[in-house]
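> One line per chain: the protein sequences are A and B, in this order. Take the first sequence: its letter number 84 is residue 84 in the working numbering, and every next letter is one higher. Take the second sequence: its letter number 138 is residue 138 in the working numbering, and every next letter is one higher.
Since the hints were derived computationally from the structure, they do not count as laboratory data. Heads up, the beta-carbon is just placed ideally off N, CA and C, and yes, glycines get one too. Treat the hints with care, since some could be wrong.
Stated by the list, open to error - Counterexamples of contact, computed for chain A against chain B with all Cβ distances above 12 angstroms: (1) A66; (2) T73; (3) G221.
To be verified - One side of the interface only, derived from the structure: several residues of chain A facing chain B at Cβ under 8 angstroms: (4) H112; (5) S180; (6) P182; (7) A195; (8) H216; (9) N276; (10) A280.
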Amino acid sequence: MKTILIPVLALLMSLWGGNTADSPAPVAITNCLSSPAIADAMPFSPEMIAPQAVMVRRNVNSLSAADIASIKTGIAAMKALPVTNKTSWQYQAAIHGTLLTNNLPSWNSCTHGSQFFLAWHRMYLYFFERILRAKSGNPNLTLPYWNYQTNPVLHAAYRANTPGNVLFDTRAASINAGGSLPNAPMVSIATALTAAVNINYFSFNSALEGPHGALHGAIGGNMSSINRAALDPVFWLHHTNIDRLWEQWLRQCGGRSNPTAAANSPWMNKSYTFFNETGAAVVMTASQVLNTAVSLNYRYDFPVQLPCNILANWQQWKFTKIQLVKIPPLGTLAELTRVPFERTNKAQFEQVKRTNKLERFQFANDGKSDRLIIELEGIQVDKQPEGVVEVYMNLPRTEQPNPQSRSFVGVLDLFTAMPSKAHRHAPKAVDVDATEAVRKLGLTVDDLQRAELTFFTRGNTLNGRPVKADGTVRVNGINFVINRVIQ
Amino acid sequence: MLLWLLLMSTTWFGSSPLLPSGGNGKAVSDSVRLAAQTRPWLLSRQRPGVQLALTTPQTRTYRPHYQYALCFDSVRLSRNPEGVYEVYLTQQTTLVSHLKPESPAFVGVLDTYQLTASTKPQSLCLDATEAVHHWRGASLNRCFVSLVFRGNILPTGKAAQEAGQLSGGRIRLSSVE
Chain A
1 MKTILIPVLA
11 LLMSLWGGNT
21 ADSPAPVAIT
31 NCLSSPAIAD
41 AMPFSPEMIA
51 PQAVMVRRNV
61 NSLSAADIAS
71 IKTGIAAMKA
81 LPVTNKTSWQ
91 YQAAIHGTLL
101 TNNLPSWNSC
111 THGSQFFLAW
121 HRMYLYFFER
131 ILRAKSGNPN
141 LTLPYWNYQT
151 NPVLHAAYRA
161 NTPGNVLFDT
171 RAASINAGGS
181 LPNAPMVSIA
191 TALTAAVNIN
201 YFSFNSALEG
211 PHGALHGAIG
221 GNMSSINRAA
231 LDPVFWLHHT
241 NIDRLWEQWL
251 RQCGGRSNPT
261 AAANSPWMNK
271 SYTFFNETGA
281 AVVMTASQVL
291 NTAVSLNYRY
301 DFPVQLPCNI
311 LANWQQWKFT
321 KIQLVKIPPL
331 GTLAELTRVP
341 FERTNKAQFE
351 QVKRTNKLER
361 FQFANDGKSD
371 RLIIELEGIQ
381 VDKQPEGVVE
391 VYMNLPRTEQ
401 PNPQSRSFVG
411 VLDLFTAMPS
421 KAHRHAPKAV
431 DVDATEAVRK
441 LGLTVDDLQR
451 AELTFFTRGN
461 TLNGRPVKAD
471 GTVRVNGINF
481 VINRVIQ
Chain B
1 MLLWLLLMST
11 TWFGSSPLLP
21 SGGNGKAVSD
31 SVRLAAQTRP
41 WLLSRQRPGV
51 QLALTTPQTR
61 TYRPHYQYAL
71 CFDSVRLSRN
81 PEGVYEVYLT
91 QQTTLVSHLK
101 PESPAFVGVL
111 DTYQLTASTK
121 PQSLCLDATE
131 AVHHWRGASL
141 NRCFVSLVFR
151 GNILPTGKAA
161 QEAGQLSGGR
171 IRLSSVE
């Protein structure tokens, strides 16, 4: 962590509530004025978003001319509206801060120097993006980001001082002339992302705010003042990048995680009011912005990466392995094989549960989560099927096997089980991680003794029709194993 | 988080122990002001870099598991710079022109944006832990803070010269266990 600003009011708030090393300081009051309450604001819900594919926010330098034109159209439409219109450019900018004295709802509600710096700005960007998208008439518009770490020169479209260019604003002469930002804030950002002291979310939040602010100053013009910054279109490039850096920090894993409800409920429940594209007031809580793809329907153009709990947990945390259920040999799998577990010795199941205090699954989003593993012992592939073997848990009798089903667990890794010169000691054990299926099905540990597995061999498709898979796969036993993090 | 609390508490109370026990506040009684200087300072186009000695009358030793904060009091931005203000912490006097953000002495950049929220002078603090840890056990009785303006880079490759005008007063180095 490199930079932390300490407003005196935030200090007073710290004295007001308890702090621990693992939880945030109490809610800090910003230097901004308070704005009038909004009586008819509705609570935000992800269901309010029309179902569609998750949208991707991209680097401004990767946008096409048409993409830039859409942004200009949207900004021009917003700028054409009177300041009192909640979807106008000026109204939206005033939500961050304004020198105007007619303090309208949600104006001057910016949060700086507090643990809500990242969360508040994520909300702010989200609603602004919805408005801009609607005004642009382009349903695919997303906010682009300026990755000044890789390109410290502002995009030319924002610098062109031509009549009618709504992306232009008065800034530091060097920036609008195509000059570069200095390197020092980039060094501080790198430290915020990588330093061990910033593995805690709230430390990262503070550490990123310092260089963020220095960049505001270096860009100059409206951007250098909290009360005018959001009037400059570059504000949205800059803050979308800050929002992206939050995601980048998370993707580094190593114990980095968002706040969780158990430890941070005051933070999670803190709410702010914004306006959607219709001008309706919407109340959003910090807990609703933690998973952008799920709650806010957007992500960044990062390459695909496995979740941290797959990448890191297995090395970083010690697990205890609790064998719950052992199923006798199944023999050869038919095209559709159902394996009910009711034949399991119930007394033994209860004994294992009691001994290991397995009252419930302990699921968490930070990767320190119980995992239910289905171990298939002694798999022998006498003939590789021309397709895959799908595994389902508690597949309803009325439902055809389908990977879209919430009962879908995964496919068997028959490659590992195949005999080869390198792997002589077949038959092999193959694991299938059923954690997500258990979570989706809402199963308890108790439910496992009544669970049913279904194996379905699905042939490849040829000319639109499935071929007969025609394989011979034998399974000599199944274990249910819970991998639990040792605290 | 503890450091965050320390930074806030040093800003307000300025002496150790920094926060009272009891009530809802959590006492941070083990934070210590290590060194300070009280002279006013100014950064401007005529003076784009300053180096100030922080001293303490008592012997203070480095502790590897402590965290360290560098706080600037009464900071006021009278004119915007066309660039950023870098902060360095060194044990010896160093030519300001030799200081680079990639060096271990680099503490961070001052968040001038925050200063625009109020017309009153404010306190700014930075986490100096990594810079202090780099000293590896040396005495903390005397150290040097450097404030350096670094201009945006013009397309010609030259740096912008408008250093703005930034002034301040007391500077403190504190530690917390």
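> Give a verdict on every hint.
So, going through the hints one by one against the coordinates:
1. A66: holds, 28 angstroms
2. T73: holds, 30 angstroms
3. G221: violated, 9 angstroms
4. H112: holds, 6 angstroms
5. S180: holds, 4 angstroms
6. P182: holds, 5 angstroms
7. A195: Since chain B brings a Cβ to about 7 angstroms from A195 of chain A, closer than 8 angstroms, the hint holds.
8. H216: holds, 4 angstroms
9. N276: violated, 27 angstroms
10. A280: This hint is violated: A280 of chain A lies away from chain B, its Cβ roughly 29 angstroms from the closest one there, beyond 8 angstroms.
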